[in-house]
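Student: Protein chains in written order, with the numbering used here: chain A, 1 to 156; chain B, 157 to 521.
Heads up, some of the hints might be wrong.
[Stated by the list, open to error] Calculated lysine to aspartate or glutamate pairs in the DMTMM-like style (CA-CA distance at most 20 Å, straight line): (1) Lys278/B to Glu384/B; (2) Lys46/A to Glu69/A; (3) Lys448/B to Glu166/B; (4) Lys46/A to Glu87/A; (5) Lys165/B to Glu509/B; (6) Lys448/B to Glu502/B; (7) Lys311/B to Asp142/A; (8) Lys311/B to Asp106/A; (9) Lys311/B to Glu131/A.
Worth flagging that the hints you see were computed from the coordinates, not collected in a lab.
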Amino acid sequence: MKLKLSRRFFIRLAAIVVILVLAVVMFFIGKQHTILIDNNRAGDIKALDYFEVSVDGSPLLDMAPMLREQFLVTGQKHTITIQWEDEASGQMLAVSVNVKIPLTQDMVLMSVPTFMADMNQPQSVWLTPFEAQVVTSTAAEDNAVVLDDTASFSSF
Amino acid sequence: MKRPQVNPKELLINNLVPILFIVICIIGIPLSGYSGTYLLNEILSRLGRNSFLVLSLLIPVMAGMGLNFGMTLGAMAGQIGLIFVSDWSIVGIPGMVLAAIISVPISVILGYMCGTILNRAKGREMVTSYIIGFFMNGVYQLFVLYFMGSIIPIKSSALVLPRGYGIRNTVNLESMRKSLDNLIPFNIFGASVPLATFILVALFCLFIVWFRRTKLGQDMRAVGQDMEVARQAGIKVERTRVLSIILSTVFAGFGMIIYLQNIGTLNTYNSHSQIGMFSIAALLVGGASVDKANIRNVFIGIILFHLMFTIAPTVGRNLIGEAQLGEYFRVFVSYGVITLALVLYEMRKRRAERIALERGEEVVA
Chain A
1 MKLKLSRRFF IRLAAIVVIL VLAVVMFFIG KQHTILIDNN RAGDIKALDY
51 FEVSVDGSPL LDMAPMLREQ FLVTGQKHTI TIQWEDEASG QMLAVSVNVK
101 IPLTQDMVLM SVPTFMADMN QPQSVWLTPF EAQVVTSTAA EDNAVVLDDT
151 ASFSSF
Chain B
157 MKRPQVNPKE LLINNLVPIL FIVICIIGIP LSGYSGTYLL NEILSRLGRN
207 SFLVLSLLIP VMAGMGLNFG MTLGAMAGQI GLIFVSDWSI VGIPGMVLAA
257 IISVPISVIL GYMCGTILNR AKGREMVTSY IIGFFMNGVY QLFVLYFMGS
307 IIPIKSSALV LPRGYGIRNT VNLESMRKSL DNLIPFNIFG ASVPLATFIL
357 VALFCLFIVW FRRTKLGQDM RAVGQDMEVA RQAGIKVERT RVLSIILSTV
407 FAGFGMIIYL QNIGTLNTYN SHSQIGMFSI AALLVGGASV DKANIRNVFI
457 GIILFHLMFT IAPTVGRNLI GEAQLGEYFR VFVSYGVITL ALVLYEMRKR
507 RAERIALERG EEVVA
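Okay, chain B solo, but in the shape it has when bound (with noise of 0.2 Å):
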C-alpha cells in the first residue's frame, strides 16, 4: 500500500505549537541550569496532578463542542467538595473520595446549565462557555463568601473567617496532601513518582477509549462531526451535546480535587480561575485543535507546557536577573498559544473551505 506523502510545510504548520514549544524547551533547560532529577520530579509531579483535569477537555472535543472552558464549574464543585470534607475533618483518601461524591451532583447540576446554554449558541460554544465560567464564579463567591457559615453549615473555626460567615481565603488541606500521590511509594531515578494517581490516570484513559466506542461515543463523535446528519440519522443532537458537557464538568470536579491534594492547599476563591486556561493551552501545546484532541495530545502537551512553566522563572532570572520577568512570560505564553492555536485553526479552516469552493466550481464547470 502506498503511504500518502507528507508534505513538510504542512506538517509545520500542523503541529507549529508543539515545535515551538519543543525548540523553547530545548534552548531553556541549559539556561535554567536545573539538574535531570529536578526537572524529572517536577515533570512526573506535575503530570500526575495535570493529567485528569486535562482528560476532561477531550469528550467535548469528542462531541464537536470544541475546548471545554466551563470546566472551570467543576472545579468549583470539586473546590465545595474539598471544603466540606475539610468542615467534618475527613483525611485522606476517604476526604478525597467523598468530595468527589458531594462534587459529582453539583457537577451534574452545573454541566446541564452549561450544556443547555451552549445548545442555545451553536457555533459560539467556547466564547459562551468561558462567560458562563465567570458568571459561575460569582454565584461561587457569592455562595462561599455569604451563604457558607450563615445559611450553610460550616462549623470549623479555622474555616470560616473571623466575623462568623464566609470562607477564609485559603484552606489547608495539609491531612490530604498527597495522600493519592504518596498511596504507593515508588522512586525512578531520585524523583518520586506518584504511581496511584497514575494508575487512576491510565484508568480514565482507558475509560475514554471504551467510552468513544460506545453508543453514546459513537453518537458525540457523530454529533461532532455533522451535526445535521447526526439529527437525520435519529441521535439527539441536544442531548448527546449536554451529556458531553456533563461528563466534562464531572470529571474536572474529580481532576481539580486530584489536582488540590498534589498542592495541599485550597485558594478558596482563585484556585479554579484560571484552571481552564491552563489546562487548555496544555492541551494545545500538546498538538491538539478545536475539533481534534486524543490522549496523546494531553501528555505531550502537559510535559511541554509543564517544563516551560518549571523553567521559565530560572531562565528569567539567569538571563536578566528578573524571575518576575519568568513569571510574565510563562503567563503571556500561555495565553498566546491559545490565541496561536485558534488563529491557526481558523486559517485551516478557511484554508479547507477553499479548497472545497474550488474544487466545486471544478466539477460545476
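Extracted from the complex, chain A is given alone in its bound form (with noise of 0.2 Å):
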C-alpha cells in the first residue's frame, strides 16, 4: 500500500500526536503520590516529642511519637512544612521543605527525626521510596467475583 503525504495525512498525523501528548500531560498533573510523614525512631535517632506537619498548604496536623500518617497529593512536587516549638526560647519555629517525588513512585516515605537532625543532607536519605504489603491469598471465597448481569440495577 502506497503511503499518501497529502494535506489529510499530516492533519491527522498532527492530531494522533496532540492527543498521545496530551495524555503524557495528564499523566504528569494528575499522577497522585501518597506521602508518608513518618516520626518513628531511625537508627540512633530518636523520634520527635512532638510536631506539626502540613503538606501544600493542608491543615496542620499534631505529630506524637510512634505516629505515622499519610497525605495524598497530585503531581511532583511539593513543599512540606513543619512546624515546632523550641524548648529553649519557647518560640514555635517552623521549616518548609521543597521535595520531588519520583514520577513512578506511588508512596515515599519521610522521616522526620532524621530530617530534623541534619536538614542539609540530601533528599534521598530522609525521603525513601515505600512499598505497601500486599498480601495475596488463593483461597477460592477471597478470588470470587460477581458475574450476574443484574447485580448492577440497584446503582442506576
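Two chains, two frames, a set of hints: combine them into the complex.
Tutor: Set out below in C-alpha cells:
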C-alpha cells in the first residue's frame, strides 16, 4: 500500500500527536502520590516529642512519637511544612522543605527525625520509596467475582 | 399557510410511551412523599450522568441502524480506561481525560468490528448488536479476569484479586468521584447542579446538530432513509454505517466515564452490562422510535425515566410495605417500555405499508 503524504495525512498525524501529548501531560499532572510522614525512631535518631506537619498548605496535623500520617498529593513537587516548639525559647519554629517525588513512585516515606537531625542532608536520606505489603491468597472465597448481569440494577 | 390537522388518536398512539410515563410520574410523585428539592437534585444528577450515554445512541438511529445495543462495547472500553487510570493513580479530571484517551482506540476497534458484523445482518441490526454485546462481555471478562495482572501489567493491590491476577469486583473511583460534576459549583433551589457536565453535554448536543449538516451526517441520513437510493447516489453505504457505529461506540465510552465519575464506584463485571438497556429505555420513553430520535427525546426521556426510577422503590414501600416491589417494578417497566416501543414501531410500519399498498392499488385500478 502506497502512503499518500497529503495535507489530510499530516492533519491526522498532528491530531494523533496532540492527543498523545495530552495523554502524557494528563499523566504528569494527575498522578497521585502518597506521602507518609513518619515520627518513628530511625537508627540512632530518636523520634521527636511533638511537631505539627502540613503538606501543600493543608491543615496542620499533630504528630507524637510512633505516629505515621499519610497525605494524598497530586503531581511531583510538594512543600512540606514542619512546625515545632523550641524548648529553649518556647517559641514556635517552622521549616518548609520542597520535595520532588519520582513519577513512578506511588508512595514515599519521610522520616522527620532524620530530616530534623540534619536539614542539609540530601532528600534521598530522609525521603525513601515505600512499598505497601501485598497480601496474597488463593482461597476461592477471596477471589470470587460477581458475574451476575442484574447485580448492577441498584446503582441506576 | 394551513396547518395540518392533528388527529388525537394518532397523537396518542405516537406518544403513548411518554404519556404513560407522565401518568406514572403524576400518580407516583405524591405517593413517594419526596420533596421537590430532593427530586430536583436527583433528576439533575441523573440528567448529568446519563445524557452523554443516551446522546451517543442518536448517530446510529440517524444512519438507519436502529437502537445501538452494542453501546455496551464502548462502555467496556471506558471501563478499561478507568481500570488503567486507577492502577496508575491518575486522579480527578486528568484521570478522566486519560481514561477517555485510552478508551478511544479500544472503542474504535470494537465499533469497527461491530459495524462490520451489522453490515452482514442488515435489517436485524438491533438483535445482532444485542448479541454482540453479550459475546464481547465474555471477551471483556476474559481480559479483565484472567489477562489483567498476568499478561497485562496491573500492579495496584487495591485492584488485583488476592490470587495475583484478575480485577476485583469493585474499583474505587473515589479519587475521581464527581470531579467533573463539582468542577463548577452551582446550586439552584437548594439542588446541586453539575454545571461542567451539562456544559460538556451541551457541547455534545451542538456537535450532533453540526454533524447532521456535514457531508458525513447527510450521507448517514440518506443511508438511513433508503440504502439503495443512497448507494446509487454514490454514497459508500457500508462505510457510512460502520462509521456511525464507531462514533456511537466512542461516545458511549466517554459517556460511561462521565457516568462512573458520578457514581464513584466501578462494578468491574456488571456496570456495563445493563447500560445499553437503560439508555435505550430512556430514549424510547422520551418519544423516540427505532428510526427516529432527536435531542429532545433524550432529555424528556431521561427526566421521565429516571423520575420513575427514583420514586418507584418508595412508592412500592408506601403502597405495599415492600421497597423490593418498587425495584422489580422499575426493572420490568424498563424492559416493558422497550417491548412496547418496538411493538408500536412495528405496528406503525405495517400500517404505513398497508396504506401505501392501498393507495398503490387505487392507482392501478
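Student: Between the alpha carbons of Lys278/B and Glu384/B, is the straight-line distance 20 Å or under?
Tutor: 12 Å, holds
Student: Is the straight-line distance between the alpha-carbon of Lys448/B and that of Glu502/B 20 Å or less?
Tutor: 13 Å, holds
Student: Is the straight-line distance between the alpha-carbon of Lys311/B and that of Asp106/A 20 Å or less?
Tutor: 11 Å, holds
Student: Between the alpha carbons of Lys311/B and Glu131/A, is the straight-line distance 20 Å or under?
Tutor: Holds, at about 11 Å.
Student: Compare the distance between the alpha carbons of Lys46/A and Glu69/A with 20 Å, and conclude whether the hinted pair is satisfied.
Tutor: Cα-Cα ~18 Å, so holds.
Student: Given the hint that Lys165/B pairs with Glu509/B, does the C-alpha gap stay at or below 20 Å?
Tutor: Holds, at roughly 19 Å.
Student: Does the alpha-carbon distance linking Lys448/B and Glu166/B stay inside the 20 Å limit?
Tutor: Given that 20 Å is the threshold and the Cα spacing comes to 16 Å, the pair holds.
Student: Measure nothing beyond the straight line between the CA atoms of Lys311/B and Asp142/A; if it is 20 Å or shorter, mark the hint as holding.
Tutor: Cα-Cα ~18 Å, so holds.
Student: Keeping to a limit of 20 Å between CA atoms, is the pair of Lys46/A and Glu87/A held or broken?
Tutor: OK: Lys46/A and Glu87/A at ~16 Å, within 20 Å.
The earlier numbered hints are all upheld by this structure, with none contradicted.
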